[in-house]
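Please model the complete structure; the sequences and the hints are all you need to start from.
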Amino acid sequence: MHYTKDHEWVRVEGDVATVGITQYAADQLGDVVFVETPEAGKAVTKGDGFAVVESVKAASDVYAPVSGEVVEGNGALADQPAIVNEDPTGNGWFAKIRVSDRSQLDGLMDQAAYDAYLASL
Amino acid sequence: MSDPTEPMKRTPLYDAHVARGARMVPFAGYEMPVQYAGENGGVLNEHRWTREHAGLFDVSHMGQATITGAAAVSQFERFCCGDYQGLKEGKQRYSLFLNDEGGILDDLMAAKPSGQDGLFVVVNAACKDDDFGRLQAGLRGDATLTRLEDRALIAIQGPEAAEVMARHNPELADMGFMDSRKLRLFGVDAYVSRSGYTGEDGYEISVPAADAERIWNTILEDDKVRPIGLGARDSLRLEAGLPLYGHDADETTSPVEADLAFALNKRRREAGDYPGASRIQAEQAGALKRVRVGLKVTGAPAREGAEIADAGGVVIGKVTSGGPSPSLGSNIAMGYVPPSHSVLGTALKVIVRGRPQDAEVVAMPFVPKRFYRKPEQPAA
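Top to bottom, those sequences are chains A and B.
This note's numbering numbers the first residue of the first sequence as 676 and each following residue consecutively.
This note's numbering numbers the first residue of the second sequence as 4 and each following residue consecutively.
Keep in mind that the hints are not guaranteed to be accurate.
[What the hints assert, rightly or not] Residues from chain A shown here face chain B by an in silico Cβ test under 7 Å; the list is partial:
hint: 1; residue: Asp706
hint: 2; residue: Val708
hint: 3; residue: Phe709
hint: 4; residue: Glu729
hint: 5; residue: Val731
hint: 6; residue: Lys732
What the hints contain is simulated information worked out from the structure, not anything from laboratory work.
The C-beta atom is built at its ideal place from N, Cα and C for all residues, glycine as well.
Written out as structure tokens, the structure reads:
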């Protein structure tokens, strides 16, 4: 698993990256009440908002950790947004993205680096 | 407004919040609890608990003052649109401070607590220095404003609030909605009103700062009561259709525009002796450009700043607060639209992240208020 400083996680299988938000991000948001995930076929660019997660208080963008094309958005989150709080790194995934440039993965943090980053916050 | 360069202030209950794992956030110059930790914490849990049981809120950041002297009431009236000469002793009334253009400078509660001369006033935290500065500079004769900076303010709200508080002083059960008394509670002199800002029954209790933590923890010993943060306070007041000053009303909006004309009491309206009367009279005669309405929103929550469009897509106004309603399970909002689009049932659009979503003008409160009205005494 790899991580961004904005608290997204990425799990790569073949050329498809599954993307979500970390436990830390989910805890910071509090109760998630609304999630908007992208449709299949949508082109996303690393660093741009590709999904939205909303708590009672506020809406937050979820940023694409890599560029590519959306293979699937997690439609289950529309009806059950609380999954993001319950299982952020499992069933609470946001989208699967076909990675266009694997070298973008090199710039992401590994588990040890992300743990150190969290400890520094 | 508060100066961002000043250090954050803390209420007398800061340590009590931290001890209960509250997440502290800046609000109106104070470090305030937005939500509490643990399986009972979080905005949704805290919201629902307050609607079903009793929630305890620290609102000590709000401004408290007394105004005393023979001229207190008549002088205070010069700054607002309320009839306080006609207010009975032992009662509290909601009002608005207005500027000379009829804009709302703040909303407030002012009471004539039984057992005390003059007025007891509570104003919003972000406005308190301006409000009290304006009063201090402008009150004439013997009317004297005294800020009560050594007092905390605690609100208990919810259907079980009265039962909880009656155990601490049975006299509280005898108070009706908007009654205000100065009485002994928890061994101190307290100003108590039967009111709040959640749409539920409950009390607002002013106590000496030095006793606040003891009193807070004593009330929380009852299993019916849990501490509630500002997050749920905001969603509760939104459901109750209550405006948040600085968002749903500001110095450009009039009481008529903000749908708060009920605060313009009859005697003052007929006399026309309140600040900004010419604008407000013109608006009441029909020259109204915009009015605050409630919206039920389909799709994503529409937040403050989202544009409101008519059915054809023409932008006609803005959302001033909005979000999910935990009680209704749907999204609700308040915003300003022209009177022509304010009729209940009007189909509108809200623009969220560039996309129009369906919205409908609905009545406020979104969730029925449950204030306690004392039964009428039978005629002797």
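Q: Would you check whether A:Val731 satisfies its interface hint, that is, whether its CB is within less than 7 Å of any CB in chain B?
A: holds (4 Å)
Q: Grab the minimum C-beta distance from A:Asp706 to chain B and call the hint holds if it beats 7 Å, violated otherwise.
A: With a minimum Cβ separation of about 4 Å from chain B (threshold 7 Å), the hint on A:Asp706 holds.
**Q.** A:Phe709 as an interface hint toward chain B, with CB separation required under 7 Å
**A.** Because about 6 Å separates A:Phe709 from the closest Cβ in chain B, which is inside the 7 Å limit, the hint holds.
Q) Given A:Lys732 was flagged as interface, is its beta-carbon under 7 Å from a beta-carbon of chain B? A) holds (5 Å)
Q. Does A:Glu729 pass the interface check with chain B, least Cβ-Cβ distance below 7 Å?
A. Hint holds; A:Glu729 Cβ to chain B Cβ min 6 Å, cut 7 Å.
Q. Would the stated hint for A:Val708 survive a check requiring a Cβ distance to chain B of less than 7 Å?
A. At 4 Å from the nearest chain B Cβ, A:Val708 passes the 7 Å test, so the hint holds.
In summary, this structure violates none of the numbered hints.
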